[in-house]
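Q: Below are the chains, spelled out letter by letter.
Protein chains: 2
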Amino acid sequence: MEKPYVVGIDMGGTNTVFGVVDARGTILHSGSIKTGKHADVNDYVDELAQAVRCVVEQAGGSGKIKGIGVGAPNGNYFSGCIESAANLPWKGRIPLAKLISEKLENIPVALTNDANAAAIGEMTYGVARGMKDFIMITLGTGVGSGIVIGGNLVYGHDGFAGELGHVIVRRHNGRQCGCGRQGCLETYASATGVARTAREYLEIRNEDSVLRDLDPDTLTSKDIYDAAIKNDKIALDIFESTGHMLGEAFADFIAFSSPEAIVLFGGLAKAGKFISEPIQEAMDKNVLSVFAGKTKLLFSQLKEADAAVLGASALGWEAKEQN
Amino acid sequence: MEKPYVVGIDMGGTNTVFGVVDARGTILHSGSIKTGKHADVNDYVDELAQAVRCVVEQAGGSGKIKGIGVGAPNGNYFSGCIESAANLPWKGRIPLAKLISEKLENIPVALTNDANAAAIGEMTYGVARGMKDFIMITLGTGVGSGIVIGGNLVYGHDGFAGELGHVIVRRHNGRQCGCGRQGCLETYASATGVARTAREYLEIRNEDSVLRDLDPDTLTSKDIYDAAIKNDKIALDIFESTGHMLGEAFADFIAFSSPEAIVLFGGLAKAGKFISEPIQEAMDKNVLSVFAGKTKLLFSQLKEADAAVLGASALGWEAKEQN
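Residue numbers (numbering that gives the first Met the number 0), protein chains in the order written: chain B, 0 to 322; chain L, 0 to 322.
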């Protein structure tokens, strides 16, 4: 193969991680820089390009690179821009794909948001290999999603489709979401949502719980998992109610695109059966009978440290020249 | 064009309507038979094939027919079967596409459910011409949907995707649905759902209403429309609450596939601004900001009498030989 590698760049609020990846999903060379260090996005791209050029040289030079894929908050596949991302220092609409390509010998760059990149990564290297219809749900600081239908990522008419963290799961008295609305799935199933559920449970219930020994303001789903392992009732109930909420929402997602699988990734996904059992229970209870038992619930098997770069890199295979 | 026509067959619970259609969406010859007359599906197909052969001969014979499209309850595009349709006399899984093709000189037959056929009809001949991403919502006895993404109908991994009438819009204390669950969109926005809302309003409220002069058990959305025209407060409120319910649901659909338009068809759609204004209001209020103002709300402009046959016929253009 003349150009056997791609580059994946995962831009997070804190770090930007990147690597050169081969067709089997092996990260050959990788590196990272701080995302928020530069007030001017051009300075950021300069530093990023220099660092990426290093790993590209290690892999044999830019002639070996088929394309670059970027996963970035609010990344738009159609425009190659990031637009008003809350966790990034640069405001407005930034033509990130173009800026990166220009600094790297015009290697084609494709860009999308992190959850879409994760979905493409699962389809290319992960548990969704060979699947044409699945939904990726990323359970992190927020709840993201990447929807694949007929083998293609769903971008919608504007490039922003697949915001399943923001479907309304509680119409009345729903929790306030960062998006300005109330009752979004993300307010219950994100890391902060789960921590909030924990604080609420600890406040309104009287049972003993090992969670009471922890600072309620810094509780994580890992803490709750550790407590659940010890059979802590409140911890188990937190996963159960969160899982039910997810399973109810998934039943509606299935009515939409009837996917072969829903793939979970992220911190909460590490809670294993504590979260998967209540999700499955609520899916089974709420799904329309024609879909009963048809959609698999899967966990990503990609190493968390690698998944973001792999996901972004997978997009590199389909990157086209910028104009 | 060697084969300039297609045949559309719309199988309803009462009548099966069919016609020969050209590439511009003109119905050249049409006819109908009773659906429920035959206890044996083979007898039904015999009568249907004979009647269709008549209109095909009028159009110049089967050599002129590129394909046959069938819209049928619970029709599965992948298998060409209808499966356990509640309103049809034949139970179990029936290979309808194959049966029809065999009786009609092996003309290729494609089959899907009626809402999907309606979506393809709008894309081929209607307001969605040229659109690659839209959602068709049919507001009839039930609430159906056909979802188009990237120019293709979404069938899902099993051929049954797009059951948006059965997303849960009220998690608590929702109305009982025919599907066995509670709170489905269909229980509020279907013809029977709207009539039920009318009966509830008339019972729990005291205002005068021209609707009180009618038999509550046979109220239709047409009756409510006629009352709304006369500025009847209860009638207006029925459309308002139904429209809000639809608009809230549409906001979630937009988060899924970010369509260019949502196209409405069916009885309730004829209520015009009485229903479109509250839908738009609730969409605007509930949609995630990134999608605000981007998705058009459109009404089908196809003549209701023709729409079902046109929709089914549009599928005929892509029908392939049965094996």
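Hints are supplied without guarantee of correctness; some may be wrong.
One copy or two, either will do: identical chains are not told apart, so a pair holds if it fits within one copy or between any two.
To be verified - Cross-link-like lysine-lysine pairs, in silico, DSBU-like; alpha carbons within 30 Å at most:
1. Lys293 - Lys90
2. Lys102 - Lys65
3. Lys97 - Lys319
4. Lys284 - Lys272
5. Lys319 - Lys131
6. Lys63 - Lys131
7. Lys131 - Lys2
8. Lys2 - Lys284
9. Lys131 - Lys293
10. Lys63 - Lys232
11. Lys90 - Lys295
12. Lys131 - Lys295
13. Lys284 - Lys229
14. Lys63 - Lys293
15. Lys97 - Lys229
16. Lys284 - Lys65
17. Lys293 - Lys97
18. Lys65 - Lys131
19. Lys293 - Lys33
No lab work stands behind these hints, which were simulated from the structure alone.
Q: With identical chains treated as interchangeable, where does the CA-CA distance between Lys131 and Lys295 reach 30 Å or less: within a copy, between copies, both, or neither?
A: Cα proximity of Lys131 and Lys295: in one copy and across copies (13 Å, 29 Å).
Q: When no copy is named, should Lys63 and Lys232 be tagged within, between, both, or neither for a Cα gap of at most 30 Å?
A: neither (54 Å within a copy, 70 Å between copies)
Q: Given identical chains, is Lys284 near Lys65, meaning Cα to Cα at most 30 Å, within a copy, between copies, both, or neither?
A: Neither: 46 Å inside a chain and 44 Å across chains, both beyond 30 Å.
Q: State whether the alpha carbon distance between Lys97 and Lys229 is at most 30 Å within one copy, between copies, both, or neither.
A: neither (51 Å within a copy, 58 Å between copies)
Q: Which holds for Lys65 with Lys131 at a C-alpha limit of 30 Å: within a copy, between copies, both or neither?
A: both (24 Å within a copy, 29 Å between copies)
Q: Checking an output row: Lys284 and Lys229, CA cutoff 30 Å. Within, between, both or neither?
A: within (28 Å within a copy, 44 Å between copies)
Q: At most 30 Å between CA atoms: does that hold for Lys97 and Lys319 within a copy, between copies, both, or neither?
A: within (11 Å within a copy, 43 Å between copies)
Q: Should Lys293 paired with Lys97 be assigned to within, between, both, or neither, using CA atoms and 30 Å as the limit?
A: between (42 Å within a copy, 25 Å between copies)
Q: Since the copies are identical, ignore which copy is meant and state whether Lys284 and Lys272 lie within 30 Å (CA to CA) inside a copy, between copies, both or neither.
A: Only inside one copy: Lys284 and Lys272 sit 17 Å apart there, 37 Å across copies, limit 30 Å.
Q: 30 Å Cα cut-off: does Lys63 pair with Lys131 within a copy, between copies, both or neither?
A: Cα proximity of Lys63 and Lys131: one copy only (29 Å, versus 35 Å across).
Q: Have a look at Lys63 and Lys293 and pick one of within, between, both or neither, based on CA distance no larger than 30 Å.
A: So Lys63 and Lys293 fail the 30 Å test inside a copy (42 Å) and across (40 Å) alike.
Q: What label fits Lys131 with Lys293 when the C-alpha limit is 30 Å: within, between, both, or neither?
A: For Lys131 and Lys293, the Cα distance is within 30 Å both inside one copy (14 Å) and across copies (28 Å).
Hints 8, 10, 14, 15, 16, 19, counting from the list given before, are not met by this structure.
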